[in-house]
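Each residue of the sequence shown is one higher than the one before, counting from 238 in our numbering.
Hints in this document: simulated from the structure, not taken from any laboratory.
Treat the hints with caution; some may be incorrect.
[Claimed, not checked] Under the rule of at most 25 Å between Cα atoms (straight-line distance), these lysine to any residue pairs were calculated in the SDA-like manner: (1) K273 to A283; (2) K376 to E349; (3) K384 to R352; (4) K362 to N297.
These numbers come from a predicted model, not from an experiment.
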Amino acid sequence: MYENYYRNVYRYCRRRAPQDAVEDLVAEVFLTAWRKIAHAPDGDDAIWWLYRIAYLVLTNHWRRSGRQQRLREKLGSIGVEPTPSIPDQLVVREEVRDVLEAARRLRRQDLELLRLSLWDDLSIKDMATVLGIDENTAKQRLHRARKRLVREHRRMTRNPTVSPAALKGGEV
Numbered sequence: 238m239y240e241n242y243y244r245n246v247y248r249y250c251r252r253r254a255p256q257d258a259v260e261d262l263v264a265e266v267f268l269t270a271w272r273k274i275a276h277a278p279d280g281d282d283a284i285w286w287l288y289r290i291a292y293l294v295l296t297n298h299w300r301r302s303g304r305q306q307r308l309r310e311k312l313g314s315i316g317v318e319p320t321p322s323i324p325d326q327l328v329v330r331e332e333v334r335d336v337l338e339a340a341r342r343l344r345r346q347d348l349e350l351l352r353l354s355l356w357d358d359l360s361i362k363d364m365a366t367v368l369g370i371d372e373n374t375a376k377q378r379l380h381r382a383r384k385r386l387v388r389e390h391r392r393m394t395r396n397p398t399v400s401p402a403a404l405k406g407g408e409v
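Hey, can you work out the whole structure from these sequences and the hints?
Here you go:
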């Protein structure tokens with residue numbers, strides 16, 4: 238199947254994605270096809286099955302690219318440079334560390350919802366499926382988990398730990 242249809246899948250992806258992403262996308266198509274080989278149709282119908290897989294791989298790529306572009310635009314609109322300076326990177330790392338520390342203090346259920354949403358990029362429906370709960374329940378719990386994270390982060394940053402040296406004008 239790979240030998241027979243590689244060029245077709247490559248051209249299909251090339252017409253729909255940037256050149257620098259095509260090889261990876263084609264590899265993902267054939268990897269997915271390999272994993273689902275038991276469902277592959279016989280004969281000439283295999284190309285349409287591969288095109289369907291390619292379409293699904295491409296939609297994931299487009300969605301990912303769209304999110305990345307929106308993030309770049311959002312960062313640009315608030316004045317964050319695409320390649321921040323070293324001091325800016327250190328500030329961002331500290332802020333990330335603070336958020337992760339606030340997240341660590343949350344209940345395990347809240348943390349799992351945030352991970353599914355942010356790290357795994359799952360929809361509310363998919364989160365509900367993973368957790369075995371109703372969609373509305375998942376939506377409410379995610380909303381509450383986000384509020385708890387914000388509240389915990391504010392509590393942490395409002396009351397920073399100050400060393401005795403800092404009180405005398407030294408380092409924090």
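Hint check:
1. K273 to A283: With Cα atoms ~12 Å apart, K273 and A283 stay inside 25 Å; holds.
2. K376 to E349: Holds, because 13 Å separates the two Cα atoms, which is no more than 25 Å.
3. K384 to R352: It holds: about 15 Å lies between the C-alpha atoms, which stays within 25 Å.
4. K362 to N297: Roughly 17 Å separates the two Cα atoms, so the pair holds.
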